[in-house]
Amino acid sequence: MSAAESKKEKFLSGISAGSSVHSTTAMNKLNGLDFPTRKTEEWKYTRVSKLINSNLTKGEALLDAEVFSIQQLDSYKVIFTNGNLTHSDLEDNSSISIRRLTENDVLLNSQANEEEIFTTINLAYEHGGLYIHVSSGAIIDKPVEIIHLVDGKNTFAQIRKLVVLEPGSELQLVEGYYSSEHGFAFSNIVSEIIVKRNAKLHLDKIQSESEEHWQINSEYVYQEQDSSFSINTITVNGGMVRNGLNIVVDGSNCETSLNGLYYLKGNQHVDNHTKVDHKKPHCTSSELYKGILDDAATGVFNGKVFVREDAQKIEAFQQNNNVILSDEANMNAKPELEIYADDVKCSHGSTTGQFDNDAIFYLRTRGVGEKNAKNLMVSAFAEDVLQHVKNQPVRTHINTLLKTRFDWKL
Amino acid sequence: MLKIKNLHASTEDKEILKGVDLEVNAGEVHAIMGPNGSGKSTLAMVLAGREDYEVTEGSIEFNGEDLVDLAPEERAREGVFLAFQYPVEIPGVSNINFLRAAINEKRTHHGLEPLSGKDFLSLVKEKSALVELDDKLKNRSVNEGFSGGEKKRNEIFQMAMLEPKLAVLDETDSGLDIDALKIVSHGVNSLKSKENATIIVTHYQRLLDYIVPDFVHVLYDGKIVKSGSKELALELEEKGYDWIKEKPTV
Chain D
1 MSAAESKKEK FLSGISAGSS VHSTTAMNKL NGLDFPTRKT EEWKYTRVSK LINSNLTKGE
61 ALLDAEVFSI QQLDSYKVIF TNGNLTHSDL EDNSSISIRR LTENDVLLNS QANEEEIFTT
121 INLAYEHGGL YIHVSSGAII DKPVEIIHLV DGKNTFAQIR KLVVLEPGSE LQLVEGYYSS
181 EHGFAFSNIV SEIIVKRNAK LHLDKIQSES EEHWQINSEY VYQEQDSSFS INTITVNGGM
241 VRNGLNIVVD GSNCETSLNG LYYLKGNQHV DNHTKVDHKK PHCTSSELYK GILDDAATGV
301 FNGKVFVRED AQKIEAFQQN NNVILSDEAN MNAKPELEIY ADDVKCSHGS TTGQFDNDAI
361 FYLRTRGVGE KNAKNLMVSA FAEDVLQHVK NQPVRTHINT LLKTRFDWKL
Chain S
1 MLKIKNLHAS TEDKEILKGV DLEVNAGEVH AIMGPNGSGK STLAMVLAGR EDYEVTEGSI
61 EFNGEDLVDL APEERAREGV FLAFQYPVEI PGVSNINFLR AAINEKRTHH GLEPLSGKDF
121 LSLVKEKSAL VELDDKLKNR SVNEGFSGGE KKRNEIFQMA MLEPKLAVLD ETDSGLDIDA
181 LKIVSHGVNS LKSKENATII VTHYQRLLDY IVPDFVHVLY DGKIVKSGSK ELALELEEKG
241 YDWIKEKPTV
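Chains D and S, in that order, give the protein sequences. Per the working numbering, numbering of the first sequence is gapless, rising by one per residue and ending at 410. Per the working numbering, numbering of the second sequence is gapless, rising by one per residue and ending at 250.
By construction, these hints were calculated from the structure, which means they are not laboratory data. Some hints here could point you the wrong way.
Claimed, not checked - Restricting the straight-line Cα-Cα distance to at most 20 Å, the calculated cross-link-like pairs of lysine to aspartate or glutamate (DMTMM-like) are:
| hint | chain 1 | residue 1 | chain 2 | residue 2 |
| --- | --- | --- | --- | --- |
| 1 | D | LYS374 | S | ASP52 |
| 2 | S | LYS138 | D | GLU383 |
| 3 | D | LYS371 | S | ASP69 |
| 4 | S | LYS18 | S | GLU51 |
| 5 | D | LYS371 | S | GLU78 |
| 6 | S | LYS165 | S | GLU61 |
| 7 | D | LYS371 | S | ASP52 |
| 8 | D | LYS265 | D | ASP327 |
To be verified - With beta-carbon atoms standing in for the labels, derived distance ranges:
| hint | chain 1 | residue 1 | chain 2 | residue 2 | range |
| --- | --- | --- | --- | --- | --- |
| 9 | D | ALA296 | S | LYS192 | 47 to 53 Å |
| 10 | S | VAL68 | D | GLY266 | 31 to 37 Å |
| 11 | D | ASN332 | S | SER116 | 43 to 49 Å |
| 12 | D | GLY183 | S | LEU115 | 43 to 49 Å |
| 13 | S | LEU115 | D | ARG405 | 23 to 29 Å |
| 14 | D | LYS44 | S | THR11 | 37 to 43 Å |
Where a beta carbon is used, it is the ideal one built from N, C-alpha and C, also for glycine.
So here's chain D without its partners, still in its complex pose:
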């Protein structure tokens, strides 16, 4: 056995292989894959050696994660603890069905990248899972709130979600990721989302795990014509967070909106990789990611937009802005456009800088302390992204998380 093989085996020794035919196929695929190194382009700025050298075990289900639910939010609650589905509010009805995912559930039109090692591990090994199916034409009256809690040292939480919106349906999803302060643990999450013709999905994703927690979160979204998909990824905490958001827009007249906010301190490392692949004409996509980095935190933004040859009349906008609050913080930003069509409107840009000293001085001369002056500036900077969180209780919840973590007194 090669060194790479034995490393993989050791990393995966705490969890069990899946038993379905899909798991077996994934396992075979996995045999040919290696962990990314600094030479792997997609992982150039994010090291995983600490993760793969750790000893992780499958976590047991816990009972109570209610405390993390969003106050005042009238929702259908679904709770995962340590990777296991432990609670669901919803009874199946004619509009929506929410059930435990079985290992045999695999989407036929899956976009999941089999070359991506963590995605393949997710399928090859046992995972807690959720299947959400919204019936044709159904507009779900309340958001589905998925709470992910990891509690326990060295827990390896594997979660897989399939979300299918049938034609003309609408759903709002709110996902919250939390952990206790019990030390190093790892969540490997894969979501596959299909938004069929004229369907509409909005997702608010809130990441607030502990500074020792690692999360690799891969989303594979497939949009059919006339559909709309929007996501707000708000990262408040988490030691290492990697978001891989992959969207294939395979129908005309679609709308895609991606927004992200990451506010980091300490030694946090947050990596947002996004990929929007426009395959058909007359679609718009807009992307705004903003970051604030303090202490020795590092951030990565890599946004790729493809416009294929047949995808004329595409409007694709991408923007990434960062503010660095300390000499030791570090941001790596790489916006990319690949355009093969000739009649498109595309733009992208990235800035990384510091707050305007004149503005901070001005606020201080009115009696606002330096820290609060910076907080006011941060809050103004973040507002461009946070204004996309339209659900008020969700917005308040995010504000509370930020206030608690960053001592905002605003």
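Chain D is already provided as a structure; the job is to place chain S on it using the hints.
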């Protein structure tokens, strides 16, 4: 109230203030005039605590306390206010929210309870009337998209809200038309009392027709070279600054 003694200040190793002496008592209005580049705005910035300027010699005593080592926000909470020559635009930061934070930090510093939302808003209503500040401007981002006159009125509105002991007005008349000048001056004059003092930094005499000083000082090459009554301002207006430059000592 304010005692400046032999004040020297530098920025990027260039000495701008070269020994300023000035004493301001409660109830007084002082005007500091001088040609461009004489150090007027530097003096204003040094009083407010701008960290780009280093005080290399001398002292600034404010109500018995040494100001030099205090952070800008500490000076503000003690009662120093600077009305900026160029008020800074801060997109996204609400004028009102920021003022509320400022007032409450000041109150906390003095051991007082924060103002209730209701009391704060009635104070805003009262003080904004003083400078005829539009409701819309109060709720907008700090100075963003304000005209020159609106920015200066916003400065005086903030001053009215914070009720400083010492207000330093840096070229408050620049960019103002005559109507705005009257409104701003009216605001400043209404805020005058026996307990507070005002320093007006200006290049032109015009503002002093509306805010009448008790003393006029001429700053030239980093030093106060001449002091006198309000008539000195008229003399400067008539003769210009050249005769001062020719006789750099008094």
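Checked hints:
{"no.": "1", "hint": "LYS374/D to ASP52/S", "result": "holds, 18 Å"}
{"no.": "2", "hint": "LYS138/S to GLU383/D", "result": "holds, 19 Å"}
{"no.": "3", "hint": "LYS371/D to ASP69/S", "result": "holds, 18 Å"}
{"no.": "4", "hint": "LYS18/S to GLU51/S", "result": "holds, 18 Å"}
{"no.": "5", "hint": "LYS371/D to GLU78/S", "result": "holds, 18 Å"}
{"no.": "6", "hint": "LYS165/S to GLU61/S", "result": "holds, 14 Å"}
{"no.": "7", "hint": "LYS371/D to ASP52/S", "result": "holds, 19 Å"}
{"no.": "8", "hint": "LYS265/D to ASP327/D", "result": "holds, 12 Å"}
{"no.": "9", "hint": "ALA296/D to LYS192/S: 47 to 53 Å", "result": "holds, 51 Å"}
{"no.": "10", "hint": "VAL68/S to GLY266/D: 31 to 37 Å", "result": "holds, 35 Å"}
{"no.": "11", "hint": "ASN332/D to SER116/S: 43 to 49 Å", "result": "holds, 46 Å"}
{"no.": "12", "hint": "GLY183/D to LEU115/S: 43 to 49 Å", "result": "holds, 44 Å"}
{"no.": "13", "hint": "LEU115/S to ARG405/D: 23 to 29 Å", "result": "holds, 27 Å"}
{"no.": "14", "hint": "LYS44/D to THR11/S: 37 to 43 Å", "result": "holds, 42 Å"}
Going down the numbered hints, you'll see the structure goes against none, and every one checks out.
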